[in-house]
Amino acid sequence: MLPPFALEEPTSVHEASALLARYGETARLYAGGTELLLAMKEGLLRYERLINIKLIPELAGVALADGALYVGAITTHRRLERSAVVRAHFPTLAEMAAHVANVRVREVGTLAGNLCFAEPHADPGTLLLVYDASVALARQGGTCTLALEQFFVGPFEVALADDEILTAIRVPALPAHTAAAYLKYGLLERPSVGVAVAVTAQFGQVQEVRVAVGCVGPTPRRLRDVEAQLSQKELPEVRARLDAAGALAGSAADAVTDLHGSAQYKAYLVGVLLRRAFERAYQQTMGGDAGDAARGEGKT
Amino acid sequence: MTDNRAHHGTATGQVLSIRITVNGHVQDVLIEPYLTLIEFIRDRLGLTGTKKSCDMQVCGACTVLLNGRPVSACTMLAFEARNAALLTIEGVAQGEALHPIQEAFIEHGGLQCGFCTPGMILAAKALLEENPAPTEEEIKHYMRGNLCRCTGYKRILESIMVAARRLTQTHEPGTLET
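Just so you know, the protein sequences line up as chains A and B, in that order.
With my numbering, letter number 299 in the first sequence gets 299, and the count goes up by one each step, no holes.
With my numbering, letter number 167 in the second sequence gets 167, and the count goes up by one each step, no holes.
Hints listed in this document are in silico derivations from the structure and should not be mistaken for laboratory results.
Quick caveat, the model's predicted, so the values are computed rather than measured.
Where a beta carbon is used, it is the ideal one built from N, C-alpha and C, also for glycine.
Treat the hints with care, since some could be wrong.
Each computed DSBU-like pair below joins lysine-lysine, with the alpha-carbon atoms no more than 35 Å apart [stated by the list, open to error]:
id: 1; chain 1: A; residue 1: Lys54; chain 2: B; residue 2: Lys140
id: 2; chain 1: A; residue 1: Lys54; chain 2: B; residue 2: Lys52
id: 3; chain 1: A; residue 1: Lys41; chain 2: A; residue 2: Lys54
id: 4; chain 1: B; residue 1: Lys52; chain 2: B; residue 2: Lys154
id: 5; chain 1: B; residue 1: Lys140; chain 2: A; residue 2: Lys41
id: 6; chain 1: B; residue 1: Lys140; chain 2: A; residue 2: Lys233
id: 7; chain 1: B; residue 1: Lys52; chain 2: B; residue 2: Lys140
id: 8; chain 1: B; residue 1: Lys154; chain 2: A; residue 2: Lys41
id: 9; chain 1: B; residue 1: Lys154; chain 2: B; residue 2: Lys140
Pulled from the structure, derived: some chain B residues nowhere near chain A, Cβ distances all over 12 Å [claimed, not checked]:
id: 10; residue: Gly49
id: 11; residue: Ala73
id: 12; residue: Glu90
id: 13; residue: Arg149
id: 14; residue: Arg155
Estimated spans, in silico, between C-beta atoms of each pair [said to hold, decoys possible]:
id: 15; chain 1: A; residue 1: Asp225; chain 2: B; residue 2: Cys113; range: 49 to 55 Å
id: 16; chain 1: B; residue 1: Gly46; chain 2: A; residue 2: Glu157; range: 39 to 45 Å
id: 17; chain 1: B; residue 1: Glu129; chain 2: A; residue 2: Glu237; range: 50 to 56 Å
Just need the whole structure built from these sequences, with the hints factored in.
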């Protein structure tokens, strides 16, 4: 049983923002509801109004433009998983989307909603960080773009103003000779550890390694100290440094102890997944200049 | 014709008028915006084949198909079925003739207590309409959100494989009902 609420169904972003401005904290945007309705059923969140944004045409669609993927805010995980454009040009993103929760959640849950809810135990934010993704935000006064890295503020907290709406996610294509990989591990319904890597390499020379880690700490984050340890090196040297880099990543991830495991356990797994994700992405760079890979391990 | 948008109103008094096709029958219904789909199906329509178990989109017992897509009725608002075709387990058989997936589950022991079975059948139906000849791995991936505490899954997997073979033999592509 859900506590009673009213439904608002705006057909434009402007109208939705006006509703948010008018009703403040008594209203909340609603798209897939996969996180929101669970929290409302548990009584953890309570709203007088839900604002259904799925009738807003400008929030729909997945498109490739100017070397980037634009994912409209009401795009479901399932749509990403099955989109020919995403599978062809962002295969790691499609593969990650195919392993979010289960098929019923993916059918209704949206990528934007996942990012906005900012539940730390989630996959998309971590992977999107190595793509240098950004989010388009809109309110009655205008629009702006924010790097995803700045969007994540804390657990269940993002940089959205009260009347602001995430309208689209922009995912730039990876540079040439670059491949991404996302690996996760967990024994519960949600992932316990997620590690994303993007490797730029050619002829045994590793130019750049991007690393992001999620689930273990308060927010997904890029680990630039770790990246510096692994970039601009010959492949054997990168491999020799992976253990130390993994240990550094484990401590930099700011792991917390919870039902998913102890902080020490998670920090260790970050190192394991970093090594595997690097090898996986590196192998993909050998097979073409834009491939990638995502895979779930364990139960999640 | 019903309204496509919610009426504005107070939090307590708002009622939505929606048109929904339930197992092939068009109905116009009045619902509260906070009514969940499973409450609508079980309590208003009296179709109790849809089971409520975990109530958090994990177990799959409440799986129903909306326009052919599998959803968790427990965590979906009923108004989302507006102008859609809802299929519950009661609508899968054609009169007395069981659906080939149902027959395969019976013949191959794809169920024991039966509580997860409506959700299993509907999820399998959605899978086979999307991917008529899935591999074992594809079935496992698609069905991983439908939990069974009895069978150990092996016979469910076998049942779906058998159903897939029969359906591709007996139906022309695109003739499966949704």
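Evaluation of the provided hints:
no. : hint                            : in the structure
1   : A:Lys54 - B:Lys140              : holds, 31 Å
2   : A:Lys54 - B:Lys52               : holds, 26 Å
3   : A:Lys41 - A:Lys54               : holds, 21 Å
4   : B:Lys52 - B:Lys154              : holds, 24 Å
5   : B:Lys140 - A:Lys41              : holds, 30 Å
6   : B:Lys140 - A:Lys233             : violated, 41 Å
7   : B:Lys52 - B:Lys140              : holds, 22 Å
8   : B:Lys154 - A:Lys41              : holds, 34 Å
9   : B:Lys154 - B:Lys140             : holds, 10 Å
10  : Gly49                           : holds, 17 Å
11  : Ala73                           : violated, 9 Å
12  : Glu90                           : holds, 19 Å
13  : Arg149                          : holds, 16 Å
14  : Arg155                          : holds, 21 Å
15  : A:Asp225 - B:Cys113: 49 to 55 Å : holds, 53 Å
16  : B:Gly46 - A:Glu157: 39 to 45 Å  : holds, 43 Å
17  : B:Glu129 - A:Glu237: 50 to 56 Å : holds, 51 Å
Hints 6, 11, counting from the list given before, are not met by this structure.
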